[in-house]
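Undergrad: These protein sequences, in sequence, are chains A and B. For what it's worth, my numbering labels the leading residue of the first sequence as -18, then goes sequentially. For what it's worth, my numbering labels the leading residue of the second sequence as -18, then goes sequentially.
To be clear, the hints were calculated from the coordinates, so they are not data collected in a lab. If you're wondering where the values come from, they're calculated on a predicted model, not measured in any experiment. No false leads were slipped in.
Label pairs and their calculated CB-CB ranges:
no., chain 1, residue 1, chain 2, residue 2, range
1, B, Gly365, A, Gly14, 20 to 26 Å
2, A, Lys87, B, Gly365, 25 to 31 Å
3, A, Pro352, B, Asp225, 50 to 56 Å
4, A, Leu96, B, Gly365, 27 to 33 Å
5, B, Gly90, A, Pro333, 21 to 27 Å
6, B, Arg152, A, Gly334, 23 to 29 Å
7, B, Gly16, A, Leu150, 39 to 45 Å
8, B, Ser299, A, Lys87, 44 to 50 Å
9, B, Arg245, A, Ser317, 36 to 42 Å
Idealized CB from N, CA, C, for every residue including glycine.
What follows is each chain in one-letter form.
Protein chains: 2
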Amino acid sequence: MNPTVAILAVGNELLRGSVVNTNAAFLGRELTGSGFEVISNGVCADTQEAIRFRLAEILRRADVILVTGGLGPTPDDVTREGIAAHFKVPLLFSKAQFNRLKKIYKRFGKRIPALVRREAHYPANARPLINRFGIALGFSIVTGNKTVIALPGVPAELQNMYFDVVLPLLRKQYPRRDRARKLVVKLTGIGEPDVMKKLGKDFFDDAFDFGIYPGSGEVAIRIMAQQKAVLLRLRKKIAARLTDYIYAWEEIPLAAVTAKILARRRQTLAVAESCTGGLLAAEITRHSGASRFFMGGTVAYHASVKKKLGVSEKTLASNGEVSRQVAAELASAVRSRMEANYGIGITGIAGPGGGTAKKPAGLVYIGLALPHGKTRTWKHVFWGEREQVRRRAVVKALEYLWRTIR
Amino acid sequence: MNPTVAILAVGNELLRGSVVNTNAAFLGRELTGSGFEVISNGVCADTQEAIRFRLAEILRRADVILVTGGLGPTPDDVTREGIAAHFKVPLLFSKAQFNRLKKIYKRFGKRIPALVRREAHYPANARPLINRFGIALGFSIVTGNKTVIALPGVPAELQNMYFDVVLPLLRKQYPRRDRARKLVVKLTGIGEPDVMKKLGKDFFDDAFDFGIYPGSGEVAIRIMAQQKAVLLRLRKKIAARLTDYIYAWEEIPLAAVTAKILARRRQTLAVAESCTGGLLAAEITRHSGASRFFMGGTVAYHASVKKKLGVSEKTLASNGEVSRQVAAELASAVRSRMEANYGIGITGIAGPGGGTAKKPAGLVYIGLALPHGKTRTWKHVFWGEREQVRRRAVVKALEYLWRTIR
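Please put together the full structure from these sequences, using the hints given.
TA: Next up, the structure:
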């Protein structure tokens, strides 16, 4: 049994949704990877009472408690006080920390603000944890087999302190940890229910931890198991049963996989987008190295821009801007205009407005122009609101490209 | 005293940090804005035991419990079972929901997978909440003065269902709510420390709740107070002290503000992007109605595409692709090519690779071509990793456009 961890974030801004709790995800990922089991994470208001109450509750269940946030200099930062109150100890003043802070301010030619004196305090039963990346002091308390650690809420400071002081401390305190082995599979072109059907009932005969996560047009399977033999067996089954949909055995987006293939083959790509409005190009260029295969793109939003790119007036007039023919001509025009091996064209109605009975919101045509000059097209009606339709269309276009070049 | 809400997200992927819990932030923001008090939010493992345990714990404290996630069709989705177990009721099968699902699959020419049958179940003491945006059924349970609501974890489905069915239900159930008065200010072109300095010490004389949240190139201030007079006083001070940076007094992105102004003035825009790779166009077209002012864009990634758009060979040769002159020519070429009133050009080094001592990663030039034909340019060196640099460049370009047309 691995040591258990509970994460408690302190802050009204998190309860009220002014800020997204990315620290919980960071700590969850890192701790899980290092052989700790995160059993809960939660947020409480920044009052001493709320902190004391939640701390007492989770100390009963977890070996390690990580408290994040509420260590700043302003009066609404009460994590120090709340934790000290739980343990019924006073706060101590650290002269060394205060001198350190004075030096930092001096370096920037400033006098230390009175408020910052609060930053040099910590509970009497704690050991200070120096924060080399900011002014908030962290601290750790070890009582019996339990460890309570308080860290600042600023993500960059928290992340740096995690690697700098927290992980070494936890490793020393809890030397016996089994790292669970992990298997990741990324799929495209198949939905969650069909994945389960294809895996079959006997897939779940072994003992392991199974998660399946749908994205827009992508599905991730994440499996954790103690035994290597189990993972190998599962990997074989997945490879055999889902072969046509697997695009990676690691955490990597579809755009990065197609990028690798194109770069390796020394082939190039250009895209022409209407309803996706640049989202496909932005996804393709999200990772560095795109210049090795990506020529560029056109966001052909207005009909006049479609015409200028090379979509014929006749096609537009007889089929409309949202049509199979326009998708094909967008793909083919951008391919030849930008002198690429492959061209992708997307036209559709992202919604919520603009749909008709014959051409509803969500209708998207995708065209793919191939190196020898031929063009293929596909029609889809995507479900969801505007941004979902756009994201699904982007992933679908990448899927067709991937199926063509893999 | 406003009705209290506890949010409970179900899912190992959230504990382990494979997924960031953006739902908690969304619900926190919306509920707070509608006069509910979010007193806790937490995550538990996807086991029936964990759900039952946490549910019992938070039902003692909050009036409303919102459970998110774990409503999918696969065996690891056990929210239905966990909640039913807490209330000691069986699950019921909804023929109506199942027929609805069958129809959806039929519309896409598919037979309904056996697993999806699970989606048509809900606890016997619950009322189903139809999800018009996905296949997972939500449900609500009202017992005494408490309300338990289960929603799917897919953000788009959750958000749509919130406005569609959850908020109306909660409004009816809890008619007596004091909405804390809220003041929102969105700023651009100024950092957090400078905002604080310009606000000054006397700004904080009144009693109110203050939050400041930096984004990439944007800053939001959110203030809550009970008294209208206090908010009016604060609004006046902010308007006077930060006047040059305020682009909105509501939750709205900068792209939407510039869109409104352009549409009102019946003016049009075209963009040419290199390092941002389509991100600016995607941001502009994220909200419907973009066709009223947005002509389109070019993602001029490769030098040859820049040339074809109209950047002169000489400019490229003597200044390099990342230069003030290229930004200006991109802006001006795309403006005339797409017959728009304004043209934006962006060229830079998003990094992490590709930088030199003279032209480091993060260097970005922005050009803006104006209706009368003149062009303005700006140079920036943005801090951060690739996607941060790209987002900052997009917001900066929108800021210059906003400053020009407001």
